[in-house]
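Using the sequences plus the hints, can you model the full thing?
Residue numbers (my numbering), protein chains in the order written: chain L, 7 to 301; chain W, 7 to 301; chain C, 7 to 301; chain H, 7 to 301.
Among the hints, erroneous ones may be present.
Which copy is meant is left open, so a pair is good if it fits within one copy or across any two.
[To be verified] Simulated crosslink set (DSS-like; lysine-lysine; CA at most 30 Å straight-line):
hint: 1; residue 1: 292; residue 2: 87
hint: 2; residue 1: 216; residue 2: 124
hint: 3; residue 1: 296; residue 2: 216
hint: 4; residue 1: 135; residue 2: 13
hint: 5; residue 1: 214; residue 2: 136
hint: 6; residue 1: 87; residue 2: 163
hint: 7; residue 1: 214; residue 2: 296
hint: 8; residue 1: 225; residue 2: 296
hint: 9; residue 1: 135; residue 2: 225
hint: 10; residue 1: 136; residue 2: 209
hint: 11; residue 1: 209; residue 2: 88
hint: 12; residue 1: 88; residue 2: 214
hint: 13; residue 1: 13; residue 2: 136
hint: 14; residue 1: 13; residue 2: 233
hint: 15; residue 1: 216; residue 2: 136
Simulated from the structure, these hints should not be mistaken for lab results. In this text the structure is predicted, and so the values were computed from the model without any measurement.
Protein chains: 4
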Amino acid sequence: MELNGVKIDDNYAEAFPNWACRVIITAINEQWAIQAATEATGFATSAIGCPCEAGIEGAVDASETPDGRPGIAVLFFAGGKKRIKEQVIERLAECVLTQPTTAVFDGMPDAEERIDVKLHFFGDGFEYKKEVGGRQCWAIPIMNGEYIGEENFGIVKGVAGGNFFIMGENIPAALMAAESAVDAIMGIPGCMCSFPVVASGSKVGSNKYKFMPATTNEKYCPSIRDKVEGSLVPEGVGAVYEIVIDGVDEDSISEATKAGIEAATKIPGIKFITAGNFGGSLGPFKFDLKEILGL
Amino acid sequence: MELNGVKIDDNYAEAFPNWACRVIITAINEQWAIQAATEATGFATSAIGCPCEAGIEGAVDASETPDGRPGIAVLFFAGGKKRIKEQVIERLAECVLTQPTTAVFDGMPDAEERIDVKLHFFGDGFEYKKEVGGRQCWAIPIMNGEYIGEENFGIVKGVAGGNFFIMGENIPAALMAAESAVDAIMGIPGCMCSFPVVASGSKVGSNKYKFMPATTNEKYCPSIRDKVEGSLVPEGVGAVYEIVIDGVDEDSISEATKAGIEAATKIPGIKFITAGNFGGSLGPFKFDLKEILGL
Amino acid sequence: MELNGVKIDDNYAEAFPNWACRVIITAINEQWAIQAATEATGFATSAIGCPCEAGIEGAVDASETPDGRPGIAVLFFAGGKKRIKEQVIERLAECVLTQPTTAVFDGMPDAEERIDVKLHFFGDGFEYKKEVGGRQCWAIPIMNGEYIGEENFGIVKGVAGGNFFIMGENIPAALMAAESAVDAIMGIPGCMCSFPVVASGSKVGSNKYKFMPATTNEKYCPSIRDKVEGSLVPEGVGAVYEIVIDGVDEDSISEATKAGIEAATKIPGIKFITAGNFGGSLGPFKFDLKEILGL
Amino acid sequence: MELNGVKIDDNYAEAFPNWACRVIITAINEQWAIQAATEATGFATSAIGCPCEAGIEGAVDASETPDGRPGIAVLFFAGGKKRIKEQVIERLAECVLTQPTTAVFDGMPDAEERIDVKLHFFGDGFEYKKEVGGRQCWAIPIMNGEYIGEENFGIVKGVAGGNFFIMGENIPAALMAAESAVDAIMGIPGCMCSFPVVASGSKVGSNKYKFMPATTNEKYCPSIRDKVEGSLVPEGVGAVYEIVIDGVDEDSISEATKAGIEAATKIPGIKFITAGNFGGSLGPFKFDLKEILGL
Numbered sequence: 007m008e009l010n011g012v013k014i015d016d017n018y019a020e021a022f023p024n025w026a027c028r029v030i031i032t033a034i035n036e037q038w039a040i041q042a043a044t045e046a047t048g049f050a051t052s053a054i055g056c057p058c059e060a061g062i063e064g065a066v067d068a069s070e071t072p073d074g075r076p077g078i079a080v081l082f083f084a085g086g087k088k089r090i091k092e093q094v095i096e097r098l099a100e101c102v103l104t105q106p107t108t109a110v111f112d113g114m115p116d117a118e119e120r121i122d123v124k125l126h127f128f129g130d131g132f133e134y135k136k137e138v139g140g141r142q143c144w145a146i147p148i149m150n151g152e153y154i155g156e157e158n159f160g161i162v163k164g165v166a167g168g169n170f171f172i173m174g175e176n177i178p179a180a181l182m183a184a185e186s187a188v189d190a191i192m193g194i195p196g197c198m199c200s201f202p203v204v205a206s207g208s209k210v211g212s213n214k215y216k217f218m219p220a221t222t223n224e225k226y227c228p229s230i231r232d233k234v235e236g237s238l239v240p241e242g243v244g245a246v247y248e249i250v251i252d253g254v255d256e257d258s259i260s261e262a263t264k265a266g267i268e269a270a271t272k273i274p275g276i277k278f279i280t281a282g283n284f285g286g287s288l289g290p291f292k293f294d295l296k297e298i299l300g301l
Numbered sequence: 007m008e009l010n011g012v013k014i015d016d017n018y019a020e021a022f023p024n025w026a027c028r029v030i031i032t033a034i035n036e037q038w039a040i041q042a043a044t045e046a047t048g049f050a051t052s053a054i055g056c057p058c059e060a061g062i063e064g065a066v067d068a069s070e071t072p073d074g075r076p077g078i079a080v081l082f083f084a085g086g087k088k089r090i091k092e093q094v095i096e097r098l099a100e101c102v103l104t105q106p107t108t109a110v111f112d113g114m115p116d117a118e119e120r121i122d123v124k125l126h127f128f129g130d131g132f133e134y135k136k137e138v139g140g141r142q143c144w145a146i147p148i149m150n151g152e153y154i155g156e157e158n159f160g161i162v163k164g165v166a167g168g169n170f171f172i173m174g175e176n177i178p179a180a181l182m183a184a185e186s187a188v189d190a191i192m193g194i195p196g197c198m199c200s201f202p203v204v205a206s207g208s209k210v211g212s213n214k215y216k217f218m219p220a221t222t223n224e225k226y227c228p229s230i231r232d233k234v235e236g237s238l239v240p241e242g243v244g245a246v247y248e249i250v251i252d253g254v255d256e257d258s259i260s261e262a263t264k265a266g267i268e269a270a271t272k273i274p275g276i277k278f279i280t281a282g283n284f285g286g287s288l289g290p291f292k293f294d295l296k297e298i299l300g301l
Numbered sequence: 007m008e009l010n011g012v013k014i015d016d017n018y019a020e021a022f023p024n025w026a027c028r029v030i031i032t033a034i035n036e037q038w039a040i041q042a043a044t045e046a047t048g049f050a051t052s053a054i055g056c057p058c059e060a061g062i063e064g065a066v067d068a069s070e071t072p073d074g075r076p077g078i079a080v081l082f083f084a085g086g087k088k089r090i091k092e093q094v095i096e097r098l099a100e101c102v103l104t105q106p107t108t109a110v111f112d113g114m115p116d117a118e119e120r121i122d123v124k125l126h127f128f129g130d131g132f133e134y135k136k137e138v139g140g141r142q143c144w145a146i147p148i149m150n151g152e153y154i155g156e157e158n159f160g161i162v163k164g165v166a167g168g169n170f171f172i173m174g175e176n177i178p179a180a181l182m183a184a185e186s187a188v189d190a191i192m193g194i195p196g197c198m199c200s201f202p203v204v205a206s207g208s209k210v211g212s213n214k215y216k217f218m219p220a221t222t223n224e225k226y227c228p229s230i231r232d233k234v235e236g237s238l239v240p241e242g243v244g245a246v247y248e249i250v251i252d253g254v255d256e257d258s259i260s261e262a263t264k265a266g267i268e269a270a271t272k273i274p275g276i277k278f279i280t281a282g283n284f285g286g287s288l289g290p291f292k293f294d295l296k297e298i299l300g301l
Numbered sequence: 007m008e009l010n011g012v013k014i015d016d017n018y019a020e021a022f023p024n025w026a027c028r029v030i031i032t033a034i035n036e037q038w039a040i041q042a043a044t045e046a047t048g049f050a051t052s053a054i055g056c057p058c059e060a061g062i063e064g065a066v067d068a069s070e071t072p073d074g075r076p077g078i079a080v081l082f083f084a085g086g087k088k089r090i091k092e093q094v095i096e097r098l099a100e101c102v103l104t105q106p107t108t109a110v111f112d113g114m115p116d117a118e119e120r121i122d123v124k125l126h127f128f129g130d131g132f133e134y135k136k137e138v139g140g141r142q143c144w145a146i147p148i149m150n151g152e153y154i155g156e157e158n159f160g161i162v163k164g165v166a167g168g169n170f171f172i173m174g175e176n177i178p179a180a181l182m183a184a185e186s187a188v189d190a191i192m193g194i195p196g197c198m199c200s201f202p203v204v205a206s207g208s209k210v211g212s213n214k215y216k217f218m219p220a221t222t223n224e225k226y227c228p229s230i231r232d233k234v235e236g237s238l239v240p241e242g243v244g245a246v247y248e249i250v251i252d253g254v255d256e257d258s259i260s261e262a263t264k265a266g267i268e269a270a271t272k273i274p275g276i277k278f279i280t281a282g283n284f285g286g287s288l289g290p291f292k293f294d295l296k297e298i299l300g301l
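As structure tokens, then:
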């Protein structure tokens, strides 16, 4: 199979369920909404070593936010309801409430499952209830005026671990293709790339160091292609990147996979696109490249 | 006292000791070094609710990095040696090693106190020792080639909690002054602003909610100025921001305080600059504004 | 009249006809499309001293460009057909064809009036015709591959000089409001702000220097408010900015005026919004603030 | 010859004399200084079709500008003294004086040759002389306060047309190397890259179209490598970019050439570096790669 002259592997990505929460952060301008969103979703690439997975879903136009200011939608993912609640509370308290001019709104008002994120006690009695754009919020006096926040957020059973691999002649080609893929995925609602580009693929466990839960996936390493039996790096490939996608549902990941691969294959020097799975042992969700790309 | 026409409070900032670690992150270009540095220092505004405090110290010119590529210096701060080691390990493993084209180098080669940050087992036996720019590193095969990293980092007893407050006529004036202060501080070596701008000052404990360890500092809140006895918000002030500075030593915080206040007072609409302390009960370090500014 | 608590003057902007041409510039990524667009629309704030007026209209999603790559739409305005043709030719030849990976496409395929922009002779015989996304283009071999370009562009009789004035307590408030206005206008199709923010309003001629075709409009200068009879600067205003808008038709300017003013009035410290006219002597187009804002 | 594993051609760049003028633009923050500098140096890639050549030399720290605000140094180049004076006047009047919060200062106070850039008549009698940081300036009342400007600027006989060519396996590699080269050159004082990256090399005249003063340099075009006798594109090269450098003297161009090539050769996928000359017929300045790189 080929797309824009690039060979596409007849393979599928495998993913697993995960709780997802969307928060809309607004601020006096997009720059400061991005700043708060970036701080709140930092140290959150992979649930293996980070407290959660998180990233920016996309910009929300001022005309569509409850307070009419520029907004950024962020997504948080974690394996348990207790963990996601704890992470959303801590990250909003430490990394959003503290930031200039921010307000936060529930990004999943229709979700049945809910978590409470009670920050208003920070107001020490000076806080009060305030309706903003039809949302029941708390207004907390702070140094730059009032922090406005909803305190009940929807969560849904989402999907973590959607993915595809970009293989290029050299690092610049593969990296520029990965950047283009991430840019394209930013335009797809319902998903985000927490890394956003992964340079170090991993396998479960280790052949040499039994104490390691995960080690480099040598079959995807171009520099040791000749030393590794069963290397999956095709001849002429000098660099590989993985794009990992978490989404609120299967559709968003399918669309993101399609948009990301189409963008990546437009970059000169890209040789091969594939996806990662564990033979069906990891999770119930499968994203088949042939089907998604309509090939 | 006045500076550039802005009233300066005859006051001092109070700060306390904290372990500091500097890591130099290089990449194929500055954009990707910044991306790795930002991810690695996210969710790290305040040690109260975040695992550590961290931020970007500044850019390191390619001519001054061990591998001759563009670099970003980041600083991590934590209260204990065990905690700082754990945080540096996790953040380098999850948020730097995973990022495109990165390498990491010890940013405090002369420090006597050291921590081991052993990531090379990730190589599963394919890793090897490699000297880069006179540094003993490990090369770990990954998908985009080799991750290069030193594995022993200096730490020093630094200073956390340096600070000053910017008070302006309105939010835009105070915020633009805070931005200018942070930009100026970025040019001072040895320190960083983890937030970087704080919109929500806090006091220890609470008057109303006994279960809260910290609540809003109502004396710095312009919107409730008339309701709060002993408000510290001068008449005509509509917004207050705090700049919190962590540094590797006292001098860096003094210099940063000076550069930050000088930059802030150049912005039209700024009314008052002060600093925060707990009457000397918090920590051994005092940063006197009069002395620092030479007034 | 008030909007978001800001007083709106019962006044109108006056504008005049001007030829408009839209060019879609695509590139390997949005960064390089922006670079080419910025170079091509530089030195083009005001037709008084610049060869033309030009600016970025907005981003065009890859899914909507003829070659499926990220695009930027730019608009050029000039008073005569000969002048606009000459400027589009020179700016595409010098500032787009020369830039990495660019292609250009006609942004007004339905316009009846057309200009030829023949660049293909640059190929010295190696050029050839090529259809891209249904567009008849020329492919010109250059150093980074092929430059792709349509060579016939639509032009329409547009409108230049739409405007409104933002008055704030101080420079930071007025400037942040102007930035927000420009951001909001970037989301409105069919128009652009060539400056994008004007800090120096002018009047026709001079009271003191007869050789000057235009001089500062002292009635809008806060620093000499007390010296100028009939100053239009209200008390408490420390800074004024004008947003000038050129559009392909009246509707785009009306929408941009509405979006820009709404965004500006959301910024704290804004006191007054008005518009500029010459009592109806300048041009046939009037943009009434009361009507546009529905007040 | 090789540098960082990349083959370096034993060749030289040829350049010619040109008048150079440096202007320091300051503003309330670096963002707005960059905006003014970008507008003022737009439509200025090549003197062949643009009114002049211009670009950003680099940032000037607030501690080193006359008014203590963040600054950007820009350089203008033109073939005649009349032309450079005219261009500096028009570009400062239309693209700097009009921009928010700007001030301009002479960037060559020691130069013997001087040009007058009288903008103060715009003040219509409200202007007045004001000393700022030891510089004799005019203060002109405008809408956001006062525009501050020196009105006499030094010019020197500089050098235009310094250059080198980067050849890579594919567009991403060559483009990323060109970006790195330009970033490195931004750190060298005294020079700028007006394009900044050239994708379309040209030769004087045309073989086929006698009316064309310049056409594509087919010998540097990878896509027609097999059709062109004497092609200078080595096998395996998919993309070529030229970096053109204008400097205030020969040394700045030599240093920029060195820094740019060193940065470019660090990018994977780069195959060959050379320089462009006309056999010594163009100009008196020669920049020999072997000598400059110390090979």
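Status of the hints after comparison with the structure:
no., hint, in the structure
1, 292 to 87, "within (24 Å within a copy, 44 Å between copies)"
2, 216 to 124, "between (43 Å within a copy, 15 Å between copies)"
3, 296 to 216, "neither (37 Å within a copy, 52 Å between copies)"
4, 135 to 13, "between (57 Å within a copy, 28 Å between copies)"
5, 214 to 136, "between (59 Å within a copy, 20 Å between copies)"
6, 87 to 163, "within (10 Å within a copy, 39 Å between copies)"
7, 214 to 296, "neither (36 Å within a copy, 48 Å between copies)"
8, 225 to 296, "within (23 Å within a copy, 42 Å between copies)"
9, 135 to 225, "between (57 Å within a copy, 21 Å between copies)"
10, 136 to 209, "between (50 Å within a copy, 24 Å between copies)"
11, 209 to 88, "both (28 Å within a copy, 28 Å between copies)"
12, 88 to 214, "between (35 Å within a copy, 27 Å between copies)"
13, 13 to 136, "between (56 Å within a copy, 25 Å between copies)"
14, 13 to 233, "both (24 Å within a copy, 28 Å between copies)"
15, 216 to 136, "between (56 Å within a copy, 24 Å between copies)"
This entry does not satisfy hints 3 and 7, going by the numbered hints stated previously.
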